[in-house]
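Engineer: Count along the sequence shown from 1, then add 163; that gives the number in my numbering.
The hints are simulated quantities; they were obtained by calculation from the structure and are not laboratory data.
All C-beta atoms in this analysis are idealised placements derived from N, C-alpha and C, irrespective of residue type, glycine included.
Wrong hints could be hidden among the right ones.
[What the hints assert, rightly or not] FRET-style restraints, in silico, Cβ to Cβ:
#	residue 1	residue 2	range
1	507	355	47 to 55 Å
2	308	491	35 to 43 Å
3	420	355	48 to 56 Å
4	480	226	17 to 25 Å
5	433	486	31 to 39 Å
6	400	621	50 to 58 Å
7	568	398	44 to 52 Å
8	329	433	51 to 59 Å
9	433	254	49 to 57 Å
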Amino acid sequence: MPFAPRPHFPSAIARRARTGLAAAAIAALTAGCTHPPAGPKAAAAAPAAAPPATAEAPPAPTPCPKGLAAATRCLSGQDSAGAHYLIAIPADWNGTLVLHAHGGPTLGAPRLSRTVEDLERWAVVPRAGYAWAGSTYRQGGVAVHAAAEDTERLRRIFVQHVAAPRMTLLHGQSWGASVAAVGASLFTDDGHGKRPYDGVLLTSGVLAGGSRAYDFRLDLRVIYQALCANHPLPAEAQYPLWMGLLPDATLKPADLKRRVDGCLGLDRPAAQRTAAQQSRVQTIVQTVRIRESAIHGHLNWATWHFQDIVQRRTGGANPFGNRGAVYTGSSDDAALNRSVQRYRADPQAVATFARDTDPDGRIPVPVLTVHGVDDPTAFVEMEDSFRRTMERAGTAGHLVQTFTADKSHSYLTDAAYPTLLAALGQWVRGGPPPTPAGIAAQCPGVQATFGGECRFLPGYRPQPLEPRVTPRERP
Numbered sequence: 164m165p166f167a168p169r170p171h172f173p174s175a176i177a178r179r180a181r182t183g184l185a186a187a188a189i190a191a192l193t194a195g196c197t198h199p200p201a202g203p204k205a206a207a208a209a210p211a212a213a214p215p216a217t218a219e220a221p222p223a224p225t226p227c228p229k230g231l232a233a234a235t236r237c238l239s240g241q242d243s244a245g246a247h248y249l250i251a252i253p254a255d256w257n258g259t260l261v262l263h264a265h266g267g268p269t270l271g272a273p274r275l276s277r278t279v280e281d282l283e284r285w286a287v288v289p290r291a292g293y294a295w296a297g298s299t300y301r302q303g304g305v306a307v308h309a310a311a312e313d314t315e316r317l318r319r320i321f322v323q324h325v326a327a328p329r330m331t332l333l334h335g336q337s338w339g340a341s342v343a344a345v346g347a348s349l350f351t352d353d354g355h356g357k358r359p360y361d362g363v364l365l366t367s368g369v370l371a372g373g374s375r376a377y378d379f380r381l382d383l384r385v386i387y388q389a390l391c392a393n394h395p396l397p398a399e400a401q402y403p404l405w406m407g408l409l410p411d412a413t414l415k416p417a418d419l420k421r422r423v424d425g426c427l428g429l430d431r432p433a434a435q436r437t438a439a440q441q442s443r444v445q446t447i448v449q450t451v452r453i454r455e456s457a458i459h460g461h462l463n464w465a466t467w468h469f470q471d472i473v474q475r476r477t478g479g480a481n482p483f484g485n486r487g488a489v490y491t492g493s494s495d496d497a498a499l500n501r502s503v504q505r506y507r508a509d510p511q512a513v514a515t516f517a518r519d520t521d522p523d524g525r526i527p528v529p530v531l532t533v534h535g536v537d538d539p540t541a542f543v544e545m546e547d548s549f550r551r552t553m554e555r556a557g558t559a560g561h562l563v564q565t566f567t568a569d570k571s572h573s574y575l576t577d578a579a580y581p582t583l584l585a586a587l588g589q590w591v592r593g594g595p596p597p598t599p600a601g602i603a604a605q606c607p608g609v610q611a612t613f614g615g616e617c618r619f620l621p622g623y624r625p626q627p628l629e630p631r632v633t634p635r636e637r638p
């Protein structure tokens with residue numbers, strides 16, 4: 164049986180509201196906004212029921228990670244599906260739960276340490292007065308719907324064993340933004356006639372869906388192989404590069420790094436590379452349109468995550484293709500396009516992968532997004548794709564997108580997240596939708612309390628994902 168909420172203790176932001184700053188902030192957030200209010204009537208589909216309830220053991224007290232206030236109460240446990248989770252409740256809890264869907268995804272068995280790291284990274288959330296809860300998910304790998312189910316299960320554990328929040332905000336980061344976007348449209352009824360999530364915050368989101376978001380990593384694999392011919396090596400068993408690796412491969416990340424560094428010289432400054440190495444690096448940077456510092460990470464993804472997708476999600480069939488792609492930006496585009504391997508995606512594999520990973524946009528509650536314009540991991544142009552998804556679903560009226568002058572992916576600044584959560588919370592409580600300009604204006608007041616920088620760019624609009632990612636034939 165759910166416990167009643169714990170007494171309400173105003174957060175630092177709420178305490179400032181008493182001075183009159185809140186009224187000015189709300190005016191700034193909503194000035195000039197023309198979006199219609201969001202609410203249950205904005206839903207694009209009939210509410211979906213929550214998954215059948217399963218008896219869940221209560222969480223146990225656990226030491227809080229570093230960075231949290233001494234009076235914060237932390238709880239941890241493992242749910243009935245095998246996912247580990249961590250909960251943090253500040254002494255001045257404002258009654259709002261921030262339910263965190265982490266990115267990655269990590270591979271292998273789930274470990275609580277993953278969620279500990281997430282809470283340490285977002286320690287500013289409980290510092291700002293919000294309860295925080297995050298799940299490791301029951302499994303590693305690229306399984307969006309399963310991760311959304313695990314996140315919803317954690318919400319129910321919180322309600323059953325900890326407290327009934329006044330408001331629940333679903334926060335998805337990176338790949339976790341696709342988890343949150345899918346979960347927010349999948350779970351729209353908590354079993355008691357209420358929305359399980361009152362609002363959704365998507366940060367640095369991989370929001371183009373698996374059917375589009377990973378194309379550039381196949382491009383990287385085929386271009387890298389055309390240039391370096393060492394992944395796989397000529398003496399190794401050959402395989403189509405969309406597989407990532409053969410099922411029984413023993414290649415380790417350190418092994419791949421040695422091969423990449425040998426071919427590209429990424430382990431040394433550009434001035435110390437050979438002319439051939441630097442030429443290969445420039446070809447990749449200019450044709451795949453990624454930073455050289457991101458090459459290692461994206462190659463890893465296009466190796467072990469592709470292996471996970473093909474072996475565990477699409478039954479060995481190919482969800483990625485590059486037929487018809489014309490790569491440009493090299494010193495000899497014609498020669499490059501002749502040398503790269505070409506693959507046709509299997510239509511059934513594409514459909515299977517899309518069903519699990521592509522958001523449908525049918526989210527019936529307010530959605531606020533933020534994205535660094537120079538994000539090296541999840542291209543900012545994915546936000547244009549997500550806006551189009553919401554438009555097709557008829558829900559773009561309760562989508563507000565913001566952008567920052569950030570060059571990082573995994574974390575923005577301590578000032579950004581409390582600013583966004585406050586804006587989303589005010590919107591959920593019935594205020595007009597925030598505006599990018601209003602959010603930017605609110606940030607300095609939050610910065611004074613939590614530090615960090617304010618880098619919002621209220622006038623920015625992202626371009627389409629294509630041609631940032633080379634267009635290609637599609638099934």
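Engineer: Taking the hints in turn, state whether each one holds.
Structural biologist: Results for each hint:
Checking the proposed 47 to 55 Å range against residue 507 and residue 355 shows it holds: the Cβ atoms sit about 48 Å from each other. The hint said 35 to 43 Å for the Cβ distance between residue 308 and residue 491, and at roughly 36 Å that hint holds. About 51 Å separates the C-beta atoms of residue 420 and residue 355, a value consistent with the hinted range of 48 to 56 Å. Roughly 46 Å separates the CB atoms of residue 480 and residue 226, a value that falls outside the hinted 17 to 25 Å.
Look at residue 433 against residue 486: about 34 Å separates their beta carbons, and that is inside 31 to 39 Å. Checked against the hint of 50 to 58 Å, the C-beta distance between residue 400 and residue 621 comes to roughly 53 Å, which is consistent with it. Checked against the hint of 44 to 52 Å, the C-beta distance between residue 568 and residue 398 comes to roughly 47 Å, which is consistent with it. At roughly 54 Å, the beta-carbon separation of residue 329 and residue 433 lies within the given 51 to 59 Å, and the hint holds.
A beta carbon spacing of about 51 Å between residue 433 and residue 254 agrees with the range 49 to 57 Å that was offered as a hint.
Of the numbered hints given earlier, the model fails hint 4 alone.
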